[in-house]
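Engineer: Below, each chain spelled out in residue letters.
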Amino acid sequence: MEFALLFKILIVVGVFVLTLLVALYSTWAERKVSAIMQDRIGPNRAGPFGLLQPLADGVKMFMKEEIIPGQANRALFILGPCLAMLTAGMTSAIIPWGDVITINPESVPFSEYFTFGESKTYIVQAADINIGILYAFGVVSVGVYGIMIGGWASNNKYSLLGAIRASSQMISYELAMGLSMIAVIMMTGSLSVREIVEQQDGFNWNIWYQPLGFIIFLICAFAETNRAPFDLPECETELIGGYHTEYSSMKLGFFLFAEYFNMFISCAIIAAVYFGGYNFPFMHDLGLSDNAIAIIGIFVFLGKVIFGILFFMWIRWTLPRFRYDQLMKLGWQILIPLAIVNLLFTGLGIIVFK
Amino acid sequence: MLLYLFYILSAITVGCALLTIFSKNPVYSVLFVIATFFSIAGHFILLNAQFLAIVQVIVYAGAIMVLFLTVLMYLNLNKSVESSKPLLIKIAAMVSGGLLFLVLIASFKSGLSIAPTSVRGDAGLIKNLGNTLFTEYLFPFEATAVLFLSTMAGAITLTRKK
Amino acid sequence: MKALTNRSKVAVDKELTLMERLYFPAVLKGMMITLRHVFKKSATVKYPEVEKEFAPVYRGHHVLKRDEQGRENCTACGLCAVACPAEAITMTAAERKKGEEKLYREEKYAKVYEINMLRCIFCGLCEEACPKEAIFLTDEIVNASYDRKDFVYGKDKLVEKMDNRIDITKRQKKY
Numbered sequence: 011m012e013f014a015l016l017f018k019i020l021i022v023v024g025v026f027v028l029t030l031l032v033a034l035y036s037t038w039a040e041r042k043v044s045a046i047m048q049d050r051i052g053p054n055r056a057g058p059f060g061l062l063q064p065l066a067d068g069v070k071m072f073m074k075e076e077i078i079p080g081q082a083n084r085a086l087f088i089l090g091p092c093l094a095m096l097t098a099g100m101t102s103a104i105i106p107w108g109d110v111i112t113i114n115p116e117s118v119p120f121s122e123y124f125t126f127g128e129s130k131t132y133i134v135q136a137a138d139i140n141i142g143i144l145y146a147f148g149v150v151s152v153g154v155y156g157i158m159i160g161g162w163a164s165n166n167k168y169s170l171l172g173a174i175r176a177s178s179q180m181i182s183y184e185l186a187m188g189l190s191m192i193a194v195i196m197m198t199g200s201l202s203v204r205e206i207v208e209q210q211d212g213f214n215w216n217i218w219y220q221p222l223g224f225i226i227f228l229i230c231a232f233a234e235t236n237r238a239p240f241d242l243p244e245c246e247t248e249l250i251g252g253y254h255t256e257y258s259s260m261k262l263g264f265f266l267f268a269e270y271f272n273m274f275i276s277c278a279i280i281a282a283v284y285f286g287g288y289n290f291p292f293m294h295d296l297g298l299s300d301n302a303i304a305i306i307g308i309f310v311f312l313g314k315v316i317f318g319i320l321f322f323m324w325i326r327w328t329l330p331r332f333r334y335d336q337l338m339k340l341g342w343q344i345l346i347p348l349a350i351v352n353l354l355f356t357g358l359g360i361i362v363f364k
Numbered sequence: 003m004l005l006y007l008f009y010i011l012s013a014i015t016v017g018c019a020l021l022t023i024f025s026k027n028p029v030y031s032v033l034f035v036i037a038t039f040f041s042i043a044g045h046f047i048l049l050n051a052q053f054l055a056i057v058q059v060i061v062y063a064g065a066i067m068v069l070f071l072t073v074l075m076y077l078n079l080n081k082s083v084e085s086s087k088p089l090l091i092k093i094a095a096m097v098s099g100g101l102l103f104l105v106l107i108a109s110f111k112s113g114l115s116i117a118p119t120s121v122r123g124d125a126g127l128i129k130n131l132g133n134t135l136f137t138e139y140l141f142p143f144e145a146t147a148v149l150f151l152s153t154m155a156g157a158i159t160l161t162r163k164k
Numbered sequence: 024m025k026a027l028t029n030r031s032k033v034a035v036d037k038e039l040t041l042m043e044r045l046y047f048p049a050v051l052k053g054m055m056i057t058l059r060h061v062f063k064k065s066a067t068v069k070y071p072e073v074e075k076e077f078a079p080v081y082r083g084h085h086v087l088k089r090d091e092q093g094r095e096n097c098t099a100c101g102l103c104a105v106a107c108p109a110e111a112i113t114m115t116a117a118e119r120k121k122g123e124e125k126l127y128r129e130e131k132y133a134k135v136y137e138i139n140m141l142r143c144i145f146c147g148l149c150e151e152a153c154p155k156e157a158i159f160l161t162d163e164i165v166n167a168s169y170d171r172k173d174f175v176y177g178k179d180k181l182v183e184k185m186d187n188r189i190d191i192t193k194r195q196k197k198y
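Note that the protein sequences, when read in sequence, are chains V, X and C.
Numbered per this note's numbering, the first sequence finishes at 364, counting up by one with no gaps.
Numbered per this note's numbering, the second sequence finishes at 164, counting up by one with no gaps.
Numbered per this note's numbering, the third sequence finishes at 198, counting up by one with no gaps.
Watch out, some of these pointers could steer you wrong.
Selected chain V positions facing chain C (in silico; Cβ < 8 Å) [stated by the list, open to error]:
id	residue
1	GLN48
2	ASP49
3	ARG50
4	ILE51
5	LEU329
Okay, the calculated beta carbon distance ranges per label pair [as the list claims (entries may be wrong)]:
id	chain 1	residue 1	chain 2	residue 2	range
6	V	GLY357	X	THR161	27 to 35 Å
7	V	MET338	C	GLU43	14 to 22 Å
8	C	PHE145	V	ILE250	33 to 41 Å
9	X	MET154	C	LEU58	37 to 45 Å
10	V	GLU205	X	PHE150	28 to 36 Å
11	V	ALA56	X	PHE150	50 to 58 Å
12	X	ILE23	V	GLN81	23 to 31 Å
13	V	ILE250	C	ALA116	48 to 56 Å
14	V	ALA66	C	GLY93	46 to 54 Å
15	V	GLY359	X	LEU135	47 to 55 Å
Simulated from the structure, these hints should not be mistaken for lab results.
Positions of the beta carbon are idealized from the N, C-alpha and C atoms, including for glycine.
Start from the sequences and build out the full structure, keeping to the hints where you can.
Structural biologist: Structure (structure tokens):
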């Protein structure tokens with residue numbers, strides 16, 4: 011068996027398990043964060059500090075009775091949450107979790123069973139495709155179908171309103187998101203996420219060059235993941251749950267879980283594109299070997315992502331929900347012009363400084 | 003291997019395209035169109051044109067069809083008001099459809115004369131594509147951009163309150 | 024109109040200043056507020072392990088007191104039922120027979136004394152109305168039940184047990 015293939019399989023499985031685990035514990039962290047911010051304690055019964063709470067929630071979701079409304083479109087009703095979960099899980103392929111790792115064939119246990127190629131370096135990433143960032147955008151733009159199909163198939167006016175809100179919100183904010191990302195792509199001259207990260211060596215992060223673009227991207231990320239203050243598709247007070255009003259059992263769980271999945275992925279993309287990914291300050295002055303730096307880099311990246319998730323939660327439990335016309339006005343009349351201005355200034359800067 | 007992949011993808015494409023026409027429910031039609039777009043994106047990847055493939059997904063499947071689906075959701079699909087069209091319109095539709103088919107066959111016939119080997123394998127990669135667009139086809143590219151801008155301005159003017 | 028608190032602000036429909044329209048200062052301000060709450064002590068009492076102390080004048084379910092010799096104080100005068108705003112109290116009076124002097128303090132006593140705990144609002148007016156210091160509210164909570172008729176407490180549940188006397192000295196009015 012080829013060792014490169016084994017390494018890739020390990021990376022893919024590891025990434026998948028990690029994504030699931032982080033998304034699972036995001037639900038716990040969300041409840042804990044909200045509790046702490048509201049002077050409460052939060053889940054603390056299942057295991058120490060309530061750490062087994064996500065498992066208990068999962069078991070509950072599986073055990074619940076599954077109801078499909080009589081007038082609902084059965085096939086599409088089932089397809090909706092599946093699509094939401096599928097697209098949420100697809101994006102993690104292009105995220106560079108760490109730098110290259112050098113593995114000598116002699117140091118591998120059971121090395122007699124493997125064949126080794128010429129190269130001794132392996133990247134800690136599922137797939138380094140040269141249009142990585144566009145792939146992420148493509149998957150995100152398709153992700154809205156799960157919500158739309160599920161909302162429409164429920165045959166419920168609240169679900170339908172939620173679905174329509176989700177679709178128009180997604181389309182509106184994708185534009186500003188893409189425009190703010192183009193500024194970064196202009197600076198780096200590459201669409202590959204790994205190359206974007208590699209250019210932010212040490213403390214040379216993109217956020218120092220693109221503060222405005224970062225803020226626009228962050229706001230759009232909130233809107234794209236349907237999180238407060240832009241959680242209009244699922245607002246409880248107006249639409250009693252929006253697109254997942256009619257859902258129960260694990261189908262509801264899929265919808266909710268997909269949201270946390272998306273949050274994790276968007277935090278990972280923000281960390282990779284704007285906060286230097288696995289790079290950390292003074293990484294070359296520590297006198298460590300390249301492999302050690304790469305392994306520390308993985309944890310640094312995860313730390314950045316977790317901080318991002320906590321920031322998302324912090325925002326959620328601070329800000330009230332936008333009104334729908336305010337949302338549209340913010341997207342079309344403020345963020346898109348700002349993103350275009352940012353694009354122009356980035357172009358000017360590139361001409362002047364390079 | 004690649005050939006079989008091509009056959010499978012083609013079968014999916016044609017099948018989904020046919021199902022688009024034959025499904026009674028407009029929402030199903032839109033979903034099959036989306037599936038068709040995805041399989042066309044697969045064809046682009048087979049031709050090593052990753053950029054075109056992903057743009058196909060983002061623009062067509064991700065933006066345009068979302069709009070289609072949104073509009074469809076506003077309609078009341080429970081009422082089936084399929085009025086029978088008069089005979090004259092049916093004949094006109096048949097003739098115009100036949101003419102379109104003729105044009106398609108003609109273009110297909112001339113297209114067949116291009117040998118597949120004359121296409122560069124890496125033409126769809128983003129660097130080559132950008133180079134071609136901004137040197138050889140700069141004028142059509144910019145003209146299209148201006149056209150889109152004027153369309154946007156037109157739409158805004160139409161919807162503005164007097 | 025006079026403001027109710029000193030924190031109230033009069034709503035004015037004025038143009039927002041640029042700082043206000045930027046929205047970001049307000050967002051940061053809000054985030055600082057939530058951040059401050061992270062360091063505050065949580066107000067939760069972890070109930071089954073830690074029980075919150077009741078105030079000495081807490082108004083839980085009622086008790087019909089006995090005196091030192093174990094005789095029921097209640098004389099079934101009905102003042103508590105009259106005072107009750109929720110009309111939760113009903114009673115039937117009876118005359119004390121010969122030989123029952125150990126059981127009842129006065130010549131008249133309550134044969135049936137029922138309080139409907141679903142109607143009771145725990146206002147304590149019965150306690151105030153009682154001329155014989157017979158009925159008091161305690162710091163015990165009415166238990167939950169699946170059946171509505173379980174909430175009609177009769178004398179079996181209300182009258183104080185001699186081996187488990189309830190101390191109400193703290194709630195007696197001091198004149």
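Engineer: State for each hint whether it applies.
Structural biologist: Results of checking the hints against the structure:
Interface hint status for GLN48(V): upheld, as the beta-carbon distance to the closest one in chain C is roughly 7 Å, under 8 Å. The closest approach between the C-beta of ASP49(V) and any C-beta of chain C is roughly 5 Å, which is under the 8 Å cut-off, so the hint is satisfied. Annotation: interface hint on ARG50(V) holds; nearest CB of chain C at approximately 5 Å, less than 8 Å. Of the supplied interface hints, the one on ILE51(V) holds, with its beta-carbon coming within about 5 Å of a beta-carbon of chain C, less than 8 Å.
With a least beta-carbon distance of about 6 Å to chain C, the hint placing LEU329(V) at the interface is held under the 8 Å criterion. Between GLY357(V) and THR161(X) the beta carbon distance is about 30 Å. The supplied range of 27 to 35 Å therefore holds. At roughly 20 Å, the beta carbons of MET338(V) and GLU43(C) sit within the given window of 14 to 22 Å. For PHE145(C) and ILE250(V), the Cβ-Cβ distance of about 34 Å falls inside the hinted range of 33 to 41 Å, so the restraint holds.
Between MET154(X) and LEU58(C) the Cβ separation comes to about 42 Å, which falls inside the hinted range of 37 to 45 Å. A hinted range of 28 to 36 Å holds for the C-beta pair GLU205(V) and PHE150(X), which are about 30 Å apart. The beta-carbon spacing between ALA56(V) and PHE150(X), approximately 55 Å, falls within the hinted interval of 50 to 58 Å. Roughly 27 Å separates the CB atoms of ILE23(X) and GLN81(V), a value that falls within the hinted 23 to 31 Å.
Between ILE250(V) and ALA116(C) the C-beta distance comes to about 54 Å, which sits within the given range of 48 to 56 Å. For the pair ALA66(V) and GLY93(C), the supplied restraint of 46 to 54 Å holds, since their beta-carbon distance comes to about 52 Å. The hinted window of 47 to 55 Å between GLY359(V) and LEU135(X) is violated, with their beta carbons roughly 24 Å apart.
In this structure, only the earlier hint numbered 15 is contradicted, and the remaining ones agree with it.
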